[in-house]
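Participant: Residue-level listing of the chains:
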Amino acid sequence: MGDHHTAEACYKALHHKFPGSTRVKRLEGLLLEAKEEYDDALALYTDILEKEPTNLLIAKRRVTIQKARGETVAAITELIKILEIYMTDIESWNELADLYISEHSYEKAAFCLEELILANPHNYLNHQRYAEVCYSQGTVDSLNASRKHFSTALKLNPGSLRSLYGLHQTVLHLSTNPKLKGKREEKVKNEDILSWTSSQLQHKYQDIHRCSKIVEQYLKTGK
Amino acid sequence: GSSTRVYIMMHYSVSAKAYGKIIFHCAKYPHRAVNGVLIGTISKKDNSVQVQDCVPLFHAKLDLTPMLEVALTQVEIYAISKGLSIVGYYHAKPQLDDSSLTDTIKSIGSKISQNSDV
Numbered sequence: 001m002g003d004h005h006t007a008e009a010c011y012k013a014l015h016h017k018f019p020g021s022t023r024v025k026r027l028e029g030l031l032l033e034a035k036e037e038y039d040d041a042l043a044l045y046t047d048i049l050e051k052e053p054t055n056l057l058i059a060k061r062r063v064t065i066q067k068a069r070g071e072t073v074a075a076i077t078e079l080i081k082i083l084e085i086y087m088t089d090i091e092s093w094n095e096l097a098d099l100y101i102s103e104h105s106y107e108k109a110a111f112c113l114e115e116l117i118l119a120n121p122h123n124y125l126n127h128q129r130y131a132e133v134c135y136s137q138g139t140v141d142s143l144n145a146s147r148k149h150f151s152t153a154l155k156l157n158p159g160s161l162r163s164l165y166g167l168h169q170t171v172l173h174l175s176t177n178p179k180l181k182g183k184r185e186e187k188v189k190n191e192d193i194l195s196w197t198s199s200q201l202q203h204k205y206q207d208i209h210r211c212s213k214i215v216e217q218y219l220k221t222g223k
Numbered sequence: 001g002s003s004t005r006v007y008i009m010m011h012y013s014v015s016a017k018a019y020g021k022i023i024f025h026c027a028k029y030p031h032r033a034v035n036g037v038l039i040g041t042i043s044k045k046d047n048s049v050q051v052q053d054c055v056p057l058f059h060a061k062l063d064l065t066p067m068l069e070v071a072l073t074q075v076e077i078y079a080i081s082k083g084l085s086i087v088g089y090y091h092a093k094p095q096l097d098d099s100s101l102t103d104t105i106k107s108i109g110s111k112i113s114q115n116s117d118v
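Heads up: the sequence lines are chains A and B, in that order.
Letter 109 of the first sequence, counting from 1, is numbered 109 in this note's numbering, and no numbers are missing.
Letter 107 of the second sequence, counting from 1, is numbered 107 in this note's numbering, and no numbers are missing.
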């Protein structure tokens, strides 16, 4: 971490042994990035990409530099280009979702997370993140979607406290905010879910004396 | 008639405990943005804010509402139980030299200030 000398020494040894290797060149790029010599790193990567236009790892390094420079919009554009070619690259979809979230483009972030759910429907994290993005959008439909996906996340991982809290907050909003009350009869009432989540939360904290009082009060608010 | 805006010069003090916690929070996640809530006391008669402690919140997905709402509610309850109140918000970015305010920071900050007296 910040030990450029050792890193340079390792790089030189590798370069000596494998002079033509792209992998080693990537390390050279990483060294430049670590020293914040971004223009030189970019030039190196552009050079590699001219010879190997399908090198995904190098293409991603370009995105990293843009992120490091705070050029979020440019990073998003670059990532979209990568995803047009590598549509199944999970890392890129994850990164793009994060970038969209930081720009408050929740709908676009939701789209990325939907791709992740499709690719990995059994990973509770994808459902949880998607639910949080839906919640942030704040409409009746998005809150209902949020409720569904927090529930799925909980089903896949019953230990996820974050999903439990998320479900609790979602049904709290749905059942108490008059603007959000849906017009159709629900199969499962929000109030019932709310009492379930409340009792679950109380149960989880009952042995942690320091926190249980705070959680008790938290559960009382907003009702 | 029109109302006049009065700008008062506030004096801030930060305890070593609060400061230390913030630095450790950043150091634990050097490659990420981190944020948290500042708690302490406000002294209206001499326009000063004493940041006595802080509660670190997140190191990922800072811009999403559900957990932030849960956290702010609980931190407020905790602060009150210690005779303190929420007096501020801290936010550190992964870029070392970037201390500009983003929309997220402004909206969380204004939400916190709306609910408190600061």
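Hint data in this document are derived by calculation from the structure and do not stem from the laboratory.
Please note that a few of the clues may not be correct.
Said to hold, decoys possible - Okay, derived cross-link-like pairs now, DSS-like style, lysine-lysine, Cα gap no bigger than 27 angstroms in a straight line:
(1) A:35 to B:93
(2) A:179 to A:204
(3) A:108 to B:82
(4) B:93 to B:61
(5) A:220 to B:82
(6) B:106 to A:60
Claimed, not checked - Covered stretches of chain A, going by a simulated chain B footprint (3 or more residues, C-beta under 8 angstroms):
(7) 11 to 24
(8) 39 to 50
Every residue gets a Cβ at the ideal spot worked out from N, C-alpha and C, and that includes glycine.
Participant: Looking at the structure, which of the earlier hints fail to hold?
Facilitator: 2, 3, 6, 7, 8
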